[in-house]
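Enquirer: Line order of the protein sequences matches chains A and B.
At position 4 of the first sequence (counting the first as 1) the number is 632 in my numbering, and the numbers step up by one without a gap.
At position 107 of the second sequence (counting the first as 1) the number is 106 in my numbering, and the numbers step up by one without a gap.
These aren't lab readings, by the way, just hints derived from the structure by calculation.
Keep in mind that the hints are not guaranteed to be accurate.
Derived contacts from chain A toward chain B, CB cut-off under 8 Å, selection only [stated by the list, open to error]:
no.	residue
1	E669
2	L671
3	D684
4	F719
5	Q730
6	G733
7	G735
Here are some chain A residues the structure puts well away from chain B; computed CB gaps all over 10 Å [said to hold, decoys possible]:
no.	residue
8	P636
9	L639
10	R643
11	S652
12	E691
13	R692
14	F693
15	E696
16	K699
17	Q708
18	V711
19	G713
Virtual Cβ for every residue (Gly too), placed ideally from N, Cα, C.
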Amino acid sequence: NAGVMQNPRHLVRRRGQEARLRCSPMKGHSHVYWYRQLPEEGLKFMVYLQKENIIDESGMPKERFSAEFPKEGPSILRIQQVVRGDSAAYFCASSPSGGETQYFGPGTRLLVL
Amino acid sequence: GDSVTQMEGPVTLSEEAFLTINCTYTATGYPSLFWYVQYPGEGLQLLLKATKADDKGSNKGFEATYRKETTSFHLEKGSVQVSDSAVYFCALSVGGTSYGKLTFGQGTILTVHP
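Sequences and hints are given; from them, build the entire structure.
Expert: Okay, structure coming up:
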């Protein structure tokens with residue numbers, strides 16, 4: 629059973645561009661969480677999704693950030709018009725249901741120049 | 000709101016030394032508690048967990064006991080190895096509409112020297 633997959637592993641963008649991060653949960657997992665890890669800090673919750681539904685986006689910045697988890701395909705975290713402060717590691721985790729143990733992917737490290 | 004506080008780091012030990020990393024929490028309701036480990040350049044791996052008071056989680060020689068009276072979940076290992084060098088995160092999750100959302104501490108960097 630493959631683990632949580634994220635791509636790309638590293639992403640470089642210039643200010644103002646769009647960043648699109650993908651997360652494929654473990655097989656059989658329908659719950660996805662996104663976290664952001666800023667340099668020298670712990671992980672901060674961003675958004676919690678189930679298939680086709682956003683359950684909790686309380687940690688997501690109100691502007692420029694969006695997330696989806698379509699019926700088919702990976703979950704996508706989209707950052708529009710990136711700024712230098714968006715440079716961070718973005719981790720996705722999945723679980724078979726809410727409240728179950730979360731399994732993390734290797735992360736996408738975004739660098740905004 | 001919910002929060003997790005870990006001891007200040009980094010922690011540097013010699014091989015075979017005893018390890019303690021302190022973790023205390025504040026939460027509404029009855030949280031589940033976790034320790035995750037992050038090796039350089041990798042994602043987080045679940046190390047151990049406890050879901051109710053007085054439960055002891057253990058894995059790979061590490062252990063932590065859920066202490067409701069002191070709201071703590073300290074991580075311990077009797078004899079560390081160089082391969083234990085990593086960043087350790089304490090975390091909690093509570094129920095409700097954000098069921099399963101993890102709240103993390105700031106992480107503690109552990110370096111073990113031969």
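Enquirer: Does each hint fit the structure? Answer for all of them.
Expert: Checked hints:
1. E669: holds, 6 Å
2. L671: holds, 5 Å
3. D684: Result: holds, 5 Å to nearest chain B Cβ.
4. F719: holds, 6 Å
5. Q730: holds, 6 Å
6. G733: holds, 5 Å
7. G735: holds, 5 Å
8. P636: holds, 14 Å
9. L639: Holds, because the least Cβ-Cβ distance between L639(A) and chain B comes to about 15 Å, which exceeds 10 Å.
10. R643: holds, 25 Å
11. S652: Its Cβ never comes within 10 Å of chain B, the nearest being 13 Å, so this holds.
12. E691: Holds, since 22 Å exceeds 10 Å.
13. R692: Non-interface label stands for R692(A): nearest chain B Cβ at 22 Å, farther than 10 Å.
14. F693: holds, 17 Å
15. E696: holds, 18 Å
16. K699: holds, 21 Å
17. Q708: holds, 24 Å
18. V711: holds, 23 Å
19. G713: holds, 19 Å
Checked against the numbered hints given earlier, the structure satisfies every one of them.
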